[in-house]
Amino acid sequence: MSVDSEVLLFAGYATVLLVIACALDRLAAHSHARADRYRTAGFRYHPQHDAWVCPQDQMLWPMTYDMRHHLMRYRAKPSVCNACPVKKDCTTSPHGREITLHTQPWPHSEAARFHRGIVLVLIGLAALLLIATGVRNTGWGDLAVIAAPLAAAGLLAFRFTGHFRRTPSGFPAASASTGLRVTPPSRTTWTADRRERS
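The sequence shown maps to residues 680 to 877 in our numbering.
Just so you know, the hints here were simulated from the structure itself, not pulled from any lab data. Possibly wrong hints are sitting among the right ones.
[Unchecked claim] Cβ-Cβ distance ranges computed for the label pairs, FRET-style: (1) 797 / 732: 33 to 39 angstroms; (2) 765 / 699: 42 to 48 angstroms; (3) 723 / 830: 43 to 49 angstroms.
Keep in mind that this is a model prediction, so the values were computed, not measured. Using N, Cα and C, we set each Cβ at its ideal position, and we do this for glycine too.
Produce the complete structure using the sequences and hints provided.
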């Protein structure tokens, strides 16, 4: 019961593809989390108020929720930000500092779905190579070598398609449970800006 060298090479190549797919997924999740930390660097979140506090101890309150992009925008009052001594290091906006956060967890963003798609293509390619190798080499020893990485590919595909199965028709529906204004996707100005200018 010898194993063909072709089977070992393709099983090894498929295993390398699976490891690369897992590494890409971890890297994408890490870069997303790091980008979120960068956006809120120096700011503290107060869950009891649903507000952020800047390094100068001023509050950034929830202003709008963007249904199309699933973003929550927190903004400080322009009167406070424009009088702040560190404004030039914080923001250039005359409307106050704004923090924008994703309300959906990582795999539900558009970029995450793109990265997951690439990961799934790599897993599919590994599975296709293993199946093609199994068709060409039908010995029991060859099939036993192919079975382990093929099972790993199936488990990884099931794991990485979980968010697609939970939200098959797209992004989850947003709900404005805190009484915030829900902005239509085509808006380019915010009502709060117009009120504070008057």
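To see whether the hints hold, each was checked on the structure:
no., hint, result
1, 797 / 732: 33 to 39 angstroms, "38 angstroms, holds"
2, 765 / 699: 42 to 48 angstroms, "44 angstroms, holds"
3, 723 / 830: 43 to 49 angstroms, "46 angstroms, holds"
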